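Produce the complete structure using the sequences and hints provided.
For reference, the chains in residue letters:
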Amino acid sequence: MKLSYFPGCSLEATAKEYDMSARAACQGLGIELVELKDWVCCGATSAHSTNHLLSVALPSRNVALAQEAGMDLAIPCSACYSRVKKADYVLRNDDELRQKIEDIVDFKYNDSVNVLSLLEVVSQLGEKAIAEKVQKPLKGLKVVCYYGCLLVRPPQVTHFDNTEHPMSLDKIVKALGAEPIQWSYKTECCGASMSITSKDVVHGMVGRIIDAAKEVEAMAIVTACPLCQSNMEMRQAKGTNLPAFYFTELIGLALGLPAAKKWLNLHLVNPNPLLQSLSLAD
Amino acid sequence: MSFIDADKRKFFNEVREKSGQPIDLCYQCQKCASGCIATGFADYYPNEIIRLVQLGQKERVLNSSSIWICSSCEMCGARCPNGINTAEVMDALKEMAIAAGTVQEKNINLFHTTFLNSARTFGRVHEASMMAIYKIKSGDLMSDMDFGMDMFKKGKMPILPHRVKARGKIKNIFNKTAH
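Line by line, the protein sequences give chains A and B. Position 231 of the first sequence, counted from 1, bears residue number 231 in the working numbering, the numbering being contiguous throughout. Position 48 of the second sequence, counted from 1, bears residue number 1048 in the working numbering, the numbering being contiguous throughout.
Think of the hints as simulated: they come from the structure by calculation, not from any bench. Heads up, none of these hints are tricks.
What the simulated footprint calls covered on chain A by chain B, stretch by stretch (three residues with Cβ under 8 Å from a Cβ of chain B suffice, anywhere in the stretch; the number is not a length):
id: 1; segment: 42-54
id: 2; segment: 202-210
Calculated Cβ distances over 12 Å to all of chain A for the following chain B residues:
id: 3; residue: 1002
id: 4; residue: 1005
id: 5; residue: 1006
id: 6; residue: 1008
id: 7; residue: 1012
id: 8; residue: 1024
id: 9; residue: 1033
id: 10; residue: 1045
id: 11; residue: 1052
id: 12; residue: 1054
id: 13; residue: 1055
id: 14; residue: 1057
id: 15; residue: 1060
Partial list, derived from the structure: chain A residues whose beta carbon lies under 8 Å from chain B:
id: 16; residue: 16
id: 17; residue: 58
id: 18; residue: 104
id: 19; residue: 154
Nothing here was measured: the structure is a model prediction, and the numbers come from that model. Note that CB positions come from ideal geometry on N, CA and C, so glycine has one too.
Here you go:
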């Protein structure tokens, strides 16, 4: 399987361990990712909050680049995925706006590229194929899978998994030998877009999610979004020390990739004591 | 919807048209509010915002903090029995509040402006300089310094921005979509 890969701005900086682990995990699973040449910022929350037309036009530039590359597009960041997926939805379904966007972005939409989240790409491999690659099962690691808001909503745009009770990430984690615990906060929002500007609000939002994770005795949270991951680690109550893993890091660990150690050292909440206690890290 | 007051009608119609959402269909079942994890931290629940729009309460709506504290997680829209994507309504209201000069959550809007300026300049957002500019302009200089330093030491805050090659195209997109 060969796909275009649009990492997004966070994966060049604050979420670089997601980028490194995504590339390595995919390679290990036989998925070839080719970085989209000269990709641009998706505009994120800032564009759709302040300028609707810009919020469709900016990610459409990446759709145009993916068309040129001629492969389906895999996106690890949930926010980037959401914006590109929505732009693609508009281009596909709204003739009037499509013509406007084509003029602004200077391209012709041809409906030839599927926009996929990286989680979707990996889950399409199936549990069996993933389990067969596992070298070091993540035995004893009890986690809650946190999908966040943008992978599953709006359902008519994303068409991904069950909107209220998704299971794709749970299945991947299980295939890796870990134990996914069921909980009721899988798709609640963590408020990452306000993490810098409205800390009190976000402490409240993250607090509820962390409390729910602790209630079911999870040792860690598994995410598929750079904003969720950093927000969970930054805005949990001091002293909580509940690590948040990228799902690609867990794949790397289970596949026995030596680079995994480097990614895990970049977290704000050090996950090594937990992994060491389960003999999953040196 | 019927209105006696023409200004109230005008506001309602403007929000409906700008958001593209069938806001007249809301019958206050409050499924949106039940699932909303954000606006409980602000002044109105999402169903209250929709009701206020139905009643043409322009000033109350455009001055509310809820339209900004809404994190666009879209739980409300996914559960609405009447097909109203309330997050799209909130976005339309934010744009209208900016135009009317009634932004209640100034730092959130400042963050958006700073973020988009970075994207416009480089084609991608450069997190380190974007954060520094936001911190200076908002006056919130000291918070999160510990996280910032930790990330910097771990090489997660590259000093130099990546500049995309097609910056001319990006500037064009910004110029052609400007209000």
